[in-house]
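Undergrad: Line order of the protein sequences matches chains A and B. Per my numbering, the very first residue in the first sequence carries number 186; after that it's consecutive. Per my numbering, the very first residue in the second sequence carries number 186; after that it's consecutive.
Zero decoy hints are in this set.
Pairs count within a copy or across copies, as identical chains cannot be separated in the list.
Here are the computed lysine to any residue pairs in the SDA-like style, where the Cα-Cα straight-line distance is at most 25 Å: (1) K380 <-> S408; (2) K488 <-> R378; (3) K380 <-> H410; (4) K488 <-> G330; (5) K380 <-> K488; (6) K488 <-> P265; (7) K488 <-> D206; (8) K214 <-> I576; (9) K380 <-> A407; (10) K380 <-> Y482; (11) K581 <-> G251; (12) K342 <-> A586; (13) K380 <-> G412.
The set of hints was computed from the structure by calculation and includes no laboratory data.
2 protein chains.
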Amino acid sequence: MNQAQLDDLIAYLRFPSVSTDSRHAGDMKACADWLRGKMAEQGLDAEIRETGGHPAVVGKNEHRAGRPTVMIYGHYDVQPADPLELWASPPFEPRIDGDKIYARGATDNKGQNLAHVLGLGEELAAAGDLPVNVTVLVEGEEEIGSPNLAGFLEANKEELACDVIAVSDTGMLAPGMGTFTYGLRGIACTELRVKGPSMDLHSGVFGGTVANPATAVARIVASLHDGEGRIAVEGFYDKVAPLQDWEREAWASLPVHEAETLGLTGAPELFGEAGFSDAERRWARPTAEVNGIGGGYQGEGSKTVIPAEAFAKLSFRLVPDQDPAEVIDLVRRHVERHTPAGVTVECVPGHSGPAYVMDPQSGYGKAAQAALRATFSGEPALIREGGSIPIVQTFKDVLGADTLLLGLALPDCQIHAPNENFSLENYFGGIRLNRELLRAIAAG
Amino acid sequence: MNQAQLDDLIAYLRFPSVSTDSRHAGDMKACADWLRGKMAEQGLDAEIRETGGHPAVVGKNEHRAGRPTVMIYGHYDVQPADPLELWASPPFEPRIDGDKIYARGATDNKGQNLAHVLGLGEELAAAGDLPVNVTVLVEGEEEIGSPNLAGFLEANKEELACDVIAVSDTGMLAPGMGTFTYGLRGIACTELRVKGPSMDLHSGVFGGTVANPATAVARIVASLHDGEGRIAVEGFYDKVAPLQDWEREAWASLPVHEAETLGLTGAPELFGEAGFSDAERRWARPTAEVNGIGGGYQGEGSKTVIPAEAFAKLSFRLVPDQDPAEVIDLVRRHVERHTPAGVTVECVPGHSGPAYVMDPQSGYGKAAQAALRATFSGEPALIREGGSIPIVQTFKDVLGADTLLLGLALPDCQIHAPNENFSLENYFGGIRLNRELLRAIAAG
Chain A
186 MNQAQLDDLI AYLRFPSVST DSRHAGDMKA CADWLRGKMA EQGLDAEIRE
236 TGGHPAVVGK NEHRAGRPTV MIYGHYDVQP ADPLELWASP PFEPRIDGDK
286 IYARGATDNK GQNLAHVLGL GEELAAAGDL PVNVTVLVEG EEEIGSPNLA
336 GFLEANKEEL ACDVIAVSDT GMLAPGMGTF TYGLRGIACT ELRVKGPSMD
386 LHSGVFGGTV ANPATAVARI VASLHDGEGR IAVEGFYDKV APLQDWEREA
436 WASLPVHEAE TLGLTGAPEL FGEAGFSDAE RRWARPTAEV NGIGGGYQGE
486 GSKTVIPAEA FAKLSFRLVP DQDPAEVIDL VRRHVERHTP AGVTVECVPG
536 HSGPAYVMDP QSGYGKAAQA ALRATFSGEP ALIREGGSIP IVQTFKDVLG
586 ADTLLLGLAL PDCQIHAPNE NFSLENYFGG IRLNRELLRA IAAG
Chain B
186 MNQAQLDDLI AYLRFPSVST DSRHAGDMKA CADWLRGKMA EQGLDAEIRE
236 TGGHPAVVGK NEHRAGRPTV MIYGHYDVQP ADPLELWASP PFEPRIDGDK
286 IYARGATDNK GQNLAHVLGL GEELAAAGDL PVNVTVLVEG EEEIGSPNLA
336 GFLEANKEEL ACDVIAVSDT GMLAPGMGTF TYGLRGIACT ELRVKGPSMD
386 LHSGVFGGTV ANPATAVARI VASLHDGEGR IAVEGFYDKV APLQDWEREA
436 WASLPVHEAE TLGLTGAPEL FGEAGFSDAE RRWARPTAEV NGIGGGYQGE
486 GSKTVIPAEA FAKLSFRLVP DQDPAEVIDL VRRHVERHTP AGVTVECVPG
536 HSGPAYVMDP QSGYGKAAQA ALRATFSGEP ALIREGGSIP IVQTFKDVLG
586 ADTLLLGLAL PDCQIHAPNE NFSLENYFGG IRLNRELLRA IAAG
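Go ahead and model the full structure; you've got the sequences and the hints to work with.
TA: Given below as C-alpha cells:
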C-alpha cells in the first residue's frame with residue numbers, strides 16, 4: 186500500500202462536491218482545482234475547462250502521431266449525502282475500516298477516476314512516457330445528468346478526438362473478479378393518458394353506463410404482456426438480436442445467482458420471460474415496465490368516484506437492434522388497438538436511447554480483457570448490464586468511439602446511499618488496471 | 186304563492202348550518218331551535234333531542250291508536266359552501282331569481298323538509314287534525330354520514346316506531362314529473378394491495394426478472410370484466426334478480442336519454458354491459474368500478490422504477506338479491522385465482538350495504554303514487570337510483586319500515602355545488618304533496 190496514494194484519495198474525498206446543490210458551488214470549484222493540480226503533479230498537462238455549468242478538468246500527456254488515443258472519463262461530482270443521520274461517520278470525513286474507505290463519492294466516482302490519474306503518474310514516473318496518447322476528462326455534472334457534456338464534446342470535437350474511451354464507473358461481479366461490461370440496454374419511455382368523463386363522477390349515479398378510465402388503463406397495461414411474461418406488443422421482438430451461444434454459456438458460469446437477486450430485491454419470487462435465466466432477462470432481453478400508474482382517489486379509505494382520467498408511465502428497456510422510435514411507434518399502435526370503448530388515450534413520448542453493445546473480442550475489447558486478466562486473478566467476467574448509461578451513447582454519437590466499461594464498484598459499495606465505501610484493494614487495483622490497459626492497447 | 190311560507194324558507198336558509206365545521210356549532214344550534222319553533226307554530230309537539238352529536242328536532246301530532254304512523258325524515262345540516270367565489274350571490278343570503286331560490290341547503294334538504302312541515306301545518310289548520318300519526322325527524326348530521334342516527338333510533342325505538350317513512354331527498358326526473366324512487370343499489374368496497382419487491386427497484390438493473398406490482402394490479406383489474414362490460418368474477422351474477430318486464434317497459438318511456446347522460450358526464454361515448462339500456466345499467470345492474478388506482482412514480486416526467494407496491498380501490502354497486510359479504514368473498518377468490526406470479530395481494534374489505542327495493546304496488550307504494558299523481562300533472566315516474574342512501578337501510582334495520590323516496594330535486598339544482606337552488610314550484614308542490622301523501626296513506 187502506497188500511503189501517498191491513499192492520502193491523495195482522502196484529500197479528494199474531503200471536498201463536498203455536490204453538483205446539484207448551489208451552496209456547494211465553491212466546493213465544486215475547489216475540488217476541480219485540486220484535481221487539476223493532482224493531474225499536473227502526475228506529469229499531465231492539465232486545465233480547468235468551462236462547460237457552461239460546473240467546470241471539467243482535462244489532462245493530457247504529449248499526443249504523438251502514430252499511436253492510439255485513449256480518453257479516460259470520470260466525474261468528480263457526487264450525490265448529496267442525505268440522510269446524514271444514517272451515516273456511521275461524516276460523509277466528507279473519510280474513514281478507513283478494514284479494507285474499505287467510507288465517504289460520499291468513494292466509489293462513485295472519485296476513487297475510480299483518481300486510480301486512473303495515479304496510474305498515469307506511476308507510468309510516467311517509471312517509463313518517462315505513456316504508451317498511448319491519453320486525454321483524461323473528469324466532469325462535474327454526471328450526477329445531474331451531464332447536461333453540458335454533449336455540448337462540450339461537440340465544441341471541442343477535434344481536440345478530444347480519440348480511438349476508444351475507458352470508464353470505471355460500473356460494477357464488478359464479485360471481489361477480485363475483473364468485470365468487463367460490453368453492453369447496456371437502451372430505453373424508450375412513454376406515458377399513457379386515458380380520459381373518460383369530463384370530471385370525476387359519482388360511481389352510484391353513473392356507474393355501469395360510462396367507461397372507467399382506471400379500468401381502461403388497467404386493460405391496456407394488462408395487454409402489454411402475455412401470461413408468461415412475454416411482451417405482447419405486435420412486432421416488439423422483430424429486431425431483437427438473439428443472445429449468442431457464447432454469452433449464454435459464459436453467463437451461466439458467472440456468480441450471478443437467483444438467490445442473490447431475490448435477496449437484493451426482496452421480491453417473493455423471481456418472475457420474467459420464460460426460457461431465459463435471471464441474468465439473461467436483466468442484461469439482454471427487452472422489458473415493458475410500468476414505472477407509475479395512477480387515477481382517481483389516492484387517500485385513505487374510499488371515495489366512490491369514477492375518475493375522469495388515469496395514467497400509466499411506461500418504460501421499455503431495449504436491446505440490440507431495437508430502435509427506440511420504432512418501439513414507441515409499435516406501442517402506440519398496440520395501445521390504439523387495445524383501447525377499450527368509451528375512453529380516449531394519448532401516448533406522450535418521453536426520453537429514449539438505443540441499446541449499446543460492443544464486440545468484446547474486438548481489438549479494444551481484447552485489450553480490456555487482457556488488462557483485467559493482468560490486474561485481477563482469473564478470467565474476467567464478460568457481462569452486459571440492464572441499465573442505460575447515457576454518456577456512453579453521447580461518446581458514440583459525438584466522438585464515434587466505443588467505451589470500455591471496466592468497473593471497480595463492488596456489490597456492497599452503497600453508491601447513492603449512506604455509508605458509501607470503496608474497497609482499497611480495488612483502488613490500488615485500479616491504479617494497476619490503468620497501466621495494464623494502456624499497455625494492452627498499445628500492444629494491440 | 187304564500188308569502189309567509191316563502192319567508193319561512195328564507196329564514197331557514199339564512200342559518201349557515203354546516204355540520205362538518207365546528208365553527209358553525211352555534212349556527213347548528215340556532216337552526217335547530219328555529220325549526221323546533223316552526224314545528225310548534227304549525228301545531229306539532231316539538232322538541233330538540235340530543236344525539237351525542239348535533240341535535241335532532243322531533244315533532245309529532247297527537248298519536249292515536251288505530252291509524253298508521255308515518256315518519257317524515259329530513260336534515261337541517263348543509264354542505265360547506267366553498268368555493269365561495271363561484272357563487273353568484275352569498276350562499277346564506279337567499280336570492281330569488283325567476284322560479285328558483287338560490288342558497289346553500291335550498292334543495293338539500295331544507296326546502297324539501299320545510300315543505301313537509303308546512304304541509305302538516307296547513308292540514309292541521311284546515312282540518313284540526315292530521316289523518317295519520319306523524320313523527321317528523323329532522324337530523325343535523327346527514328352531510329357527515331349520520332354517525333349518530335342509528336344509535337338515536339335504537340335508543341328511542343319504541344317512541345319512533347312507525348309503519349312507513351317518507352323522505353324527500355332524491356331527484357325528480359324532470360320539472361313537474363312526480364318521481365317515486367322505489368329502489369337503490371347497494372355497495373361493497375374492497376382495496377387490493379399488491380406487493381412485490383421490498384423497495385422500489387431500478388428498472389434497468391432488475392427489470393425483466395421480478396414481477397412489477399403495477400403490472401400485476403392492472404392484470405387483476407383487467408380480469409374483472411370481459412370485453413363487453415360484463416363482470417367476469419365467477420358467480421357474481423348468480424343472485425342478481427332480473428329486471429322485471431314492467432320495469433323495462435316503464436323505464437323505456439321515461440325521459441332518460443343517452444344524450445342527457447352523455448351531456449352530464451362529458452364522456453366521449455357511453456359504455457356498459459351489453460343488452461341493457463343506460464337507465465337499466467345505472468339503476469338495476471351491478472357494477473365493478475375502480476375508484477382509485479396507484480403505484481410507483483406519480484410526479485411529472487419519468488422515474489424509471491419498478492414500484493414496491495400498487496393498489497386498486499374497488500367498489501361494487503349491488504342490486505337485489507346480492508349479498509355484500511358474499512360478493513366480497515367471490516371477489517377475493519377471483520383475485521386469488523388471477524394474481525400473477527411474483528407478487529402477493531391482500532384484499533382489504535371496506536364499507537358495504539345491501540341494495541334496497543320496495544314493491545311500488547304495495548299499499549304504501551300505491552299511496553305514494555296517488556299523492557304524486559294528485560300533486561303533479563301526469564303519471565308519476567317509477568324509478569330506482571344507482572346510488573346508495575345508507576339511512577334507508579338504517580330505517581329498515583332498526584325500525585323495520587320501508588321508506589318512500591319522493592324527491593323534489595331537479596336535475597339542475599346544484600346540490601353540493603355553488604349556486605345550489607330549489608324550484609319554488611317544487612317547494613309549494615312539496616307542501617301539497619305532504620298533505621296528499623298523508624291522506625292517501627290514511628285512505629289506503
